[in-house]
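Use these hints to put chain C onto chain E, whose structure you have.
Sequence lines, in order, name chains E and C. Those letters in the first sequence? Residues 184 to 636, per our numbering, in order. Those letters in the second sequence? Residues 335 to 439, per our numbering, in order.
No wet-lab data here; the hints were simulated from the structure. Each statement offered as a hint is correct.
Pairwise CB distance ranges (calculated):
1) Y244/E <-> S413/C: 30 to 40 angstroms
2) K272/E <-> G420/C: 25 to 35 angstroms
3) S471/E <-> I395/C: 16 to 26 angstroms
4) K591/E <-> D391/C: 40 to 50 angstroms
For each residue, glycine too, the CB sits at the ideal point set by N, CA and C.
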Amino acid sequence: MTDEIRIVSVNGMLGYGYELESLKAGIDSKPHLMGCDAGSTDPGPYYLGSGKSLVRTDQIYRDLKPALVGAVRNQIPFVIGSAGFAGAKPNVELTLDVVRRICREEGLHFRLGVIRSDVDKATVLRALEMDEIEPMPGAPSLTRELITESTHIVGQIGTEPYIAAFEKGAQVVIAGRSCDTAIYAAMPIWRGFDSGLALHMSKIMECGAQCAIPLAPNDCLLGTIRKDHFLVRPLAANRICTPESVAAHTMYEQGNPFLLYEPEGIVDIRGADFTQADRQSVRVSGSSFAPTPRLKIKLEGARRIGSRAFTIAGARDRHVIDNLDVIERAVGDAVQRNLNPEVIRAGYELHFRYYGKNGVLGELEPSMVSPAEVGILIEAIAPTEELASYVLSLARSSYLHCPFPGRKATAGNLAFPFSPSDFCGGDVYDFSVYHLMNVKDQNSLFPVELETI
Amino acid sequence: MARLGDLASVIRSKNAGPFQVTIDIMFADASEYRRTLESPRFTSAEIARRYGIAEEDVALIPFERVRAIKITIPRRWGSRGSGSAGDRDVYGAQQHGPLVDLEID
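Pulled out of the complex, with its shape left as it was, chain E reads as follows:
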């Protein structure tokens, strides 16, 4: 067994950019692996539902080219996890298109491993029937309809399928939706390093240099794992890690700051020790690991619930601002009265948000200050774009001319910045599935396909 494994995290999100100098410093450290995370559920269910990427293809190309070329030319294994943002088949395909384009342009040749994360609906339905599925904390329960209505369901790939890809000789691995930790932890676990340390290090590395000062999800980080500790160091000369910046980052986006729940088991960082190793590096030891008694894979699914149309306008009249609730109720009633029965049967939703008053927090807003002006967002969701636009059009005109007690500006309640005033917001999705499924064998759920480029 080698004494240490060095890993370069290119950045925290493929497409967000990084410093080329940092990448060069990373390659010069002769790492055993380079990788990047390319996905997240943070921007909502649209990207999984539609199979599109939040990050534009040109951004992926720009970030991937120097990293892929550097890795392949220096014979460093390279992995991308959660490819194309959501990791479903179309997301992975758009990433593979960029990889192939770079390979053609640069004349690169290697063994490519592709790990799919799409989970067949029949598999999920069977798990539901067998009571082998449970909601994640805060998630509502699952039904057969929610599964069948999902456009894509993916599972979060753990370390084992990555290890299978390495064992089969893959030099570059493009994987669908992945546990952020699997991207960086698979290699050291495969090479015999401690799972708890490997997963903890990977949790820090998955955000690039976000754990550094100044923090930067868009820069490179070097992780070095040894027998009983690991080190993290930002690869830009102007950044440093401190014990506090690294410890604090462990709690980022985590419901519990002390326990990391991974398919392999639970990493407990309560006993972890963070010390300054040199000007830039922090040494971490003592994170412990309890292997899971039963393998569970996190599933994510999205289904289309309709189309969105919206308009934005301002109100500057105190009488309007004081009567927003009254106007909103009257508009809701007017829309209902004026719609054809078949549209009402098809179902629609109207939502109003008042920026400057409580647009972000709704009824949770503690401030009672009366604003001088309010930004009004009116949103309609209906089964088709045509119907959503129709409902919105009725709501917009009703709002503009809605009477209310004490109204003085009788010519109109709203100031529209644009003509046309109404916009289509595309398809609306929700998270139909966010559940843990009992799985016997991860490698058969997430098979590795090999091809020679």
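For chain C alone, coordinates are given in the frame of chain E:
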């Protein structure tokens, strides 16, 4: 009396998955960290009241090593998770708002 937003060096919120929001409150000074934790106004019951949720749904976890307090709560907006119909904050990045003006003894 001081406001939590003035005592803390970092006060932020973010999704912890599509169905939970997690709030991190960090302090530059150990005395301010302790003052907040010991304040009778800083309780799970008060946090639950400000977010309109049940007290047992509030996870309040002090992290002494980095002088931080983590609060994890169910997401309040969206018909089924972040970015679904009726959401107000897809990333959950502005949901610490109800705590910023909390008065600490």
